[in-house]
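Visitor: Protein chains in written order, with our numbering: chain A, 1 to 298; chain B, 1 to 294; chain C, 1 to 515.
To be clear, the hints were calculated from the coordinates, so they are not data collected in a lab.
One or more of the hints may lead you astray.
[What the hints assert, rightly or not] Just some of the chain C residues that point at chain A, by a computed CB distance under 7 Å:
| id | residue |
| --- | --- |
| 1 | Ala119 |
| 2 | Ala120 |
| 3 | Gln124 |
| 4 | Asn149 |
| 5 | Ala163 |
| 6 | Asp182 |
| 7 | Gln183 |
| 8 | Pro306 |
| 9 | Ala346 |
| 10 | Glu347 |
Think of the CB as a built atom: it goes at the ideal place given N, C-alpha and C, for glycine as much as any other residue.
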Amino acid sequence: MSVASAHEETPGRSSAAMVTGRSQAGRIAERTVVYGLLGLVAFIMLFPFTWVLSLALKTPPQAFIYPPALIPDPISFENFGKALFGPLPFLLFFQNTLIIAILVIVGDLLSCSLIAYGFARFRFPGRDILFLILLSTLMVPFIVRLVPLFVMFQSVGWINTFLPLVVPAFFGTPLFIFLMRQFFLTVPLELIDAARIDGANELQVWWRIMVPLSKPVMAAVAIFAFQATWNDFLAPLVFLQRREVRTIILGLYSFLGINPDYPTLMAATIASIIPIVVIFFLFQNFFVKGITVSGLKG
Amino acid sequence: MARLVSRETVWGYGFIAPWIVGLLLFTAGPIVAVFYWSFTDYPILSAPTWVGLKNYEKILTGDPLFWRSIQNTAYYVLLRVPLHLLLAFVLALLINRSIRGISFLRTAIYLPSVVPIVALAVIWRLLLDPRGGYLNYYGSLIGLPATNFLTSEALIKPAIIGISLFQVGVAMVIFMAGLQAIPEQLYEAAAIDGASAWQRLVNVTVPMLTPVILYNLIVDIINSFQVFAYAFILTGGAPANAALFYVLYIYKHAFEFFQMGYASALSVILFLVILVFTAILMSFSDRWVQYDRI
Amino acid sequence: MDETQRSIPRSRRDVLRTGLLLSVTALAAACAPSTPAPAKPAEPAKPAESKPAAPAAAAPATAPKPAEAAKPAEAAKPAAAAPAAKTGGPTGTVIKELGRDYLAYPDVKGTIQFSNCWAASRVQLVEDTWIKPFQQIYPGIKVENDVGNCPPLLEKQTTQVAAGAPPNVMMIRGGGLAFFADQKKIDALDDLMARDKIEKSWYYETELKTRMHQGKVYGLPNVTGGANFMLFYNTKLMEKAGLDPNKPPKTWQDVDAMVEPVKKAGLLTWDPFKANASQTAHEIFTYQNGGRYWDDEVKKILWNEPAGVEAGEWLLQLVKAQGDKYENVNIGGVRKDTIQPQEWAAEKYVLNMNGSWTFFLMKTTAPHVQYGATTMPTNAKNPASKLATPADVGWAFSIATDAKDKEAAWEWIKFTTTSKMGACKFVEAQNRPSPVIDCNDSPELKGGTPYWGVVEADLKANVAVPVLPIHPKIADLMYEMEDAFLYERMPVKEALDKYAADAQKLLDDHHAGKR
């Protein structure tokens, strides 16, 4: 069975397909539909970005000539130059954001999986109420929590350091805790019981069973945590005031100013999303060619 | 040997301890502050003065824009959440295979989710420009009249919903991860039993995905109730308050009128509404979500 | 199962290892001295060399600048040795080259957190015309340019002030200024102005008035709040419509006469309802029509008087004549904003009501557009109608009450808003008028645009509109009111009356001490 599922086209469907003997024509029809629909959606998604790229490559006087030309003439990279090497140290912001993001990912993966395991696989008094409290912390808009948070961090001298952005991640992020809890709840009890019978303590169960089985969701959380840090605006705006510690998104928004410099803003946007796109492209396999080590296989 | 507290309780609390500590350190303080301020008049720059229920009174009896913002937000939530989940689900199903070019398609569909929401809003503002924007330009090429989405009371909310759907990638990825966790055996067994593709979808995929569906549903509701960024950047609530969403209204009171007390009261009401929704959903979830529960 | 099991520990170990490595690196990097001074261009030890680079952004001639700029650095040194007589505080020196007997205290030390939103293309200008020259004169003061974009600026400043850690120099305006002053979180500057002999007469009266609250000055202006409303007209489009590009409309009736020919040419005349972020078009035109929005004490709402009603009705019929509904006439973009250069650049609209910054912005954003500028049209049917543009807000630099290094903050404000270098050069490079009357005598400014006469006329016609700390709420009502008759939910007079009553209640409550 494991052999068959190794390299077929659709891991979940292959053996089934072999069993049901799907016809060649059926498969071609299925693929056309899939490509067609996905292609259409992809086209719609990319449409705004063709324009973003187009604007980023135009010289400022070309930017707003009507009718708008999709392909700039001449194609110029000066906006990228202005964005990355202009008066603001964009590359430094890049470095700062990277440091914060990595720390946040580590903190989130560690803390959220521990906490989620607690909520998922243990019965203890007050568990469901605490979980509801967890969810309810998501229901107070950040803008009203901003002032007291700032006052708090100000009083311990954490302003202008990365700490307000990084440390909370080591205590769990409710959104990710919730997500992991949902996944952990689908891990079959037999596995956990088997490990416990084998004498593993709870931490070992967590490390040997839950974590490996959650690779897809861990990957998802890693990507989301990275993205959330990369794009977080309000917190860095208020907590990171000195230029040396700012993040990339603050650099991006400085191009908005009183009268926005749209071509440079577009170039800066493109530059700032490239890392995430690359990471997603490389790591998306975690979701599909799943390394689901499932003890149930074979 | 009788134990006062069961081993399971100890371990349970042990695992969630980091969250509890974090809650007390970082989250509880600000939230309690908001609740407290809702009973005060607090111009941020000077100390709050206690006014009891006056803010709530004013909200519920003397503030027509409060009801307007609820209406706008409800419209958004009721339309967007189902559309969003359905789209994410269908896309995840289609995209969960390894045919050629799928990596590229996946990245393309995920791309808008990666862009900071404020940049996206700016981009859309330019795209939707009725005279010079690309959308209307291409529309004019095929004969459509120039439509001004941002100043049309009727079109502004659908436009914002449409724009928000561009970031369907996140929910899609979560569904993808969920699909991946479904053991192949179930499909094989179903196929052996002679189930068609549709039957496999309905009897294997959907039930196994219910934990993740619940997640996306609840998170989407919580987030949709707090829709803010697009309306703020694109129109500031206009036209004629058709895009005045609840959190935008809170923001105005906090940082334009400097009435943090009133803004806090509004936040408390929002909190209660979302809490009730979520609590109901969670308690009913046992009926349709399939975990291997203890 | 065996195979997979064996491979698991290895891959997990790998993940662990990489993870640890990454986090250790990250931690190390994070703990590294957080003073990684970004590679800034070397501080100009030789002022003469750096100056030519500075006005590269400015159109006007650059030749006179190096010579002029070199002097303050040199003059400062010998002058410092001979301090003029001073009253208390650090010893001051007069630096004549900076104009108007600029009184400086070069011994002042401290750090300035300059919280502002001169972002995007203006960052370099701030560096060149403000920061660098300033640091030569005040070697003991360090300037941190805390620049961001404008919309969240007030929010950020509010949060900082609330937490007791405000930036010492804040760029602020209008309702924000009034509110902060009311809450006693920014300092009144009158005493400092008197000490350092800064005369109120140096500024246009309106400019100073809009930065005052209850009779005291709470911030010094660095750009004009006035010269916000001039009429720009696209000459090419006028020709296309068969109109004489040398005869722009001077009256409301002239504008009305343009509508038909412009329509025939497939164009639109004007979206008159885009004024700016805190003033409605109706306000502008009411003042033009000889009316007012409220009295000088802000005690009584006056916008529903006949002048206001006439203005509203004229505006509405202009929209309907062009396209029947406002949606068909609207130029796009955010409602509470001026017409942006890229919106006008599509060349579908002939007229554009905008401010003095338009010259600079059109040049950089849409140089293909040919246009002219004139003063706003008046109402020929109303003998009381005259050129009068209301100004209620304008950017100012203020000192936060709870901040540190306030002496340094004052030196910065003084430099950037009164000295010839600071007050003049920054705006000059943008072809904008300065709030300091003297600065506008510059030949570069006058030569920078052929419409300088229009700008001056506009500045002279400025009317200061006082605002209360509750102005944001009043402004909201103003926009709602305009929406009400613009989208034809109520007739003009009814809308004006209804919202006048609502606003009057707010004013009454405020004056009675309630909130």
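Visitor: Of all the hints given earlier, name the ones this structure violates by number, lowest first.
Guide: Structure breaks hints 6, 7, 8.
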